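Q: Here's the letter readout for the chains.
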Amino acid sequence: MLTFVARRLLHAIPILLGVSMLVFGLVQMIPGNPIDLLLPPEAPPELIAQMTAAYGFDKPLHIQYFSWLGRTLQGDLGYSIFTGAPVARELMSALGNTFVLAVPAALLGFALGVGLGALAAFHQGTWIDKAASAFAITGVSLPHYWFAIVLVVIFSVTLNWLPAQGMGFEGLPGSFAEARSLVLPVVTLSLIPMGVVARVVRATVLEVLNQEFVATLRAKGLIDREVLLHVLKNAAPAALAVMGLQFGYLLGGSILVETVFNWPGSGNLLNLAIFRRDVPVMQATIVVLAFFFVLVNLLVDIAQAAIDPRIRR
Amino acid sequence: MNALHDVATEFPPQADLVRPREVESPGYWRQVRNRLSRDPVTIGAGTVLALIVLSALLAPLLAPYDPYQGSIMTRMKPVGFEGHPLGTDETGRDMLSRLLYGGRVSLLAGVAPVAAALAIGGTLGVVAGFFGGLVNTLIMRVTDVFYAFPSILLAIAICGLLGAGLVNTLISLTLVFIPPIIRISESVTTQVRAYDFVEAARASGARPMQLIRHQVLANVLGPILVYATSLVSLSIILAAGLSFLGLGVTPPTAEWGLMLNALRQAIYIDPVLAALPGAMIFVTSMCFNLISDGLRGAMDVRIRT
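From first to last, the protein sequence lines are chains A and B.
In my numbering, each residue's number is its place in the first sequence (first place is 1) plus 151.
In my numbering, each residue's number is its place in the second sequence (first place is 1) plus 192.
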């Protein structure tokens with residue numbers, strides 16, 4: 152197991168290096184000179200040359216890349232062109248706000264997804280299966296930014312039960328009243344993982360149910376609930392893999408939902424940075440989100456191997 | 193003469209029992225068609241989708257008004273308003289006409305990136321799976337890097353950095369879908385490559401290109417295609433999502449995501465009207481998902497993503 156973890160960790164290093172190169176390369180592809188974004192068009196040439204040197208843009212690309220990588224690894228993500236504040240501080244608080252949404256959304260989506268998927272598989276072909284499957288496919292087909300608006304229309308505009316946008320607290324919600332602003336974004340975000348997990352769990356549980364050991368368990372006289380436990384344990388690695396991916400999507404993909412609800416998370420930060428052409432913020436947000444995505448997948452791989460020794464080849 | 197006939201001639205009394213019946217075994221594609229024709233959900237979804245595609249294609253003939261011509265006199269009219277069956281938008285343009293024209297861009301942005309990714313990613317994946325070794329390592333490690341980004345983040349990053357516009361949307365979504373298609377193609381090709389019939393063809397002197405064309409492609413195209421159809425729905429949602437964020441097509445283009453964004457403030461005035469473009473995205477994406485599920489079942493494809 153330790154060798155597996157070590158190998159998997161080593162495997163993540165070239166991927167992260169590749170990610171950093173890709174992001175760096177993408178930023179180089181931005182049309183125009185980055186200095187033009189900082190200075191007014193009528194700036195004197197000496198000033199332009201001075202700024203270019205200060206930012207290191209006059210050095211060869213690979214030198215620029217390595218110095219950027221070195222600073223990033225030390226936690227120095229640069230300064231926002233727009234606000235002048237250190238990017239690391241802005242990003243940390245935004246990421247915290249995204250986690251406040253993503254964690255409950257993931258828990259809700261996964262719980263519903265596993266429940267629906269297992270229910271559908273155990274009642275294959277019945278109306279229960281059909282209803283659960285229809286619910287799941289709706290979850291993956293809904294444009295969630297639209298669903299968010301529909302929820303706002305129903306629960307904020309018409310019923311006036313929940314706030315339409317904004318985050319009613321800082322850090323973590325202190326009371327039920329403060330947590331109300333969480334409800335709509337969390338429900339919206341949980342839809343996609345719910346649908347995806349339900350579909351994968353249904354397919355995997357059906358596959359496991361067809362294996363011979365299940366017939367043996369039944370022949371031994373185990374009741375359904377005991378059989379269910381064995382089956383779920385066998386379906387867990389596949390379900391875990393999907394959950395890891397989905398959690399990563401929640402972190403990186405909540406940008407649309409954060410925009411609708413005006414939630415001050417990392418997605419919103421990225422969106423603002425794009426429209427302000429704030430390159431350091433863009434670069435840092437993308438790299439850090441990708442880093443979390445790789446980390447989550449790494450943890451999932453390790454968890455899978457812990458459950459199913461066959462994976463530790 | 194097959195083995196059963198030999199047995200039958202050796203043991204005449206049992207001949208009637210073992211003689212194979214003259215059943216015409218239906219070909220694979222006929223089986224697929226038969227299964228599909230007995231699947232009301234897939235047929236229903238296919239019909240709805242065909243109607244959406246047709247109405248988008250025939251938009252110039254069907255649209256009652258110019259989708260870009262508004263009038264201050266007819267702003268924000270509700271669904272069912274006289275002369276405007278689906279109402280009008282915030283600048284008085286006819287919603288029905290805009291939804292019809294919007295389908296063109298939204299469908300294009302949904303299907304074209306997947307098709308392009310299928311051509312590029314499918315080729316790379318089959319090559320990686322078939323040749324293995326260094327080629328495989330090279331292609332798959334680069335794929336791993338792209339895989340380290342959640343799909344929407346990658347699309348937003350590329351669009352955000354390259355700038356808004358339809359072409360950049362298509363490029364970014366194509367790049368998003370290439371890695372997953374490479375992964376699936378590589379994994380199914382690796383499986384097929386190990387089959388005996390491929391080995392047999394190789395032993396009888398087939399060259400790599402011949403093997404890929406005759407033995408490999410025939411067996412991997414089905415699963416890869418089914419997987420690609422499942423991506424179209426995601427592509428439609430992402431493309432409209434990019435426009436919704438202001439990173440996709442630019443105003444005044446009629447496109448469902450952009451229309452949804454423009455009508456966002458209208459939810460306090462006329463929620464039904466504001467919900468229409470999103471409902472179109474939802475229905476279209478649902479149809480693609482249902483068809484993909486139906487195809488997967490009918491073609492008996494099992495894909496592990």
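Source of the hints: derived by calculation from the structure; they are not laboratory data.
One should not assume that every hint holds.
To be verified - Some chain A residues close to chain B (C-beta under 8 Å, calculated; not the full set):
hint, residue
1, I164
2, P165
3, L177
4, F286
5, I288
6, L302
7, V304
8, L310
9, L313
What the hints assert, rightly or not - Here are some chain A residues pointing at chain B (derived, C-beta under 8 Å):
hint, residue
10, L407
11, A441
12, L449
13, A457
To be verified - Pair by pair, the computed Cβ-Cβ distance ranges are:
hint, chain 1, residue 1, chain 2, residue 2, range
14, B, V464, A, F286, 22 to 32 Å
15, B, G357, A, P192, 19 to 29 Å
16, B, P256, A, Q362, 55 to 65 Å
17, A, Q316, B, A311, 15 to 25 Å
18, A, E358, B, A398, 26 to 36 Å
19, B, S396, A, Q215, 31 to 41 Å
None of the values given here were measured: they were computed from a predicted structure.
Glycine included, each C-beta is placed from N, C-alpha and C at the ideal position.
Q: For this structure, which hints from the list above don't hold up?
A: 1, 4, 6, 8, 9, 12, 13, 17 and 19
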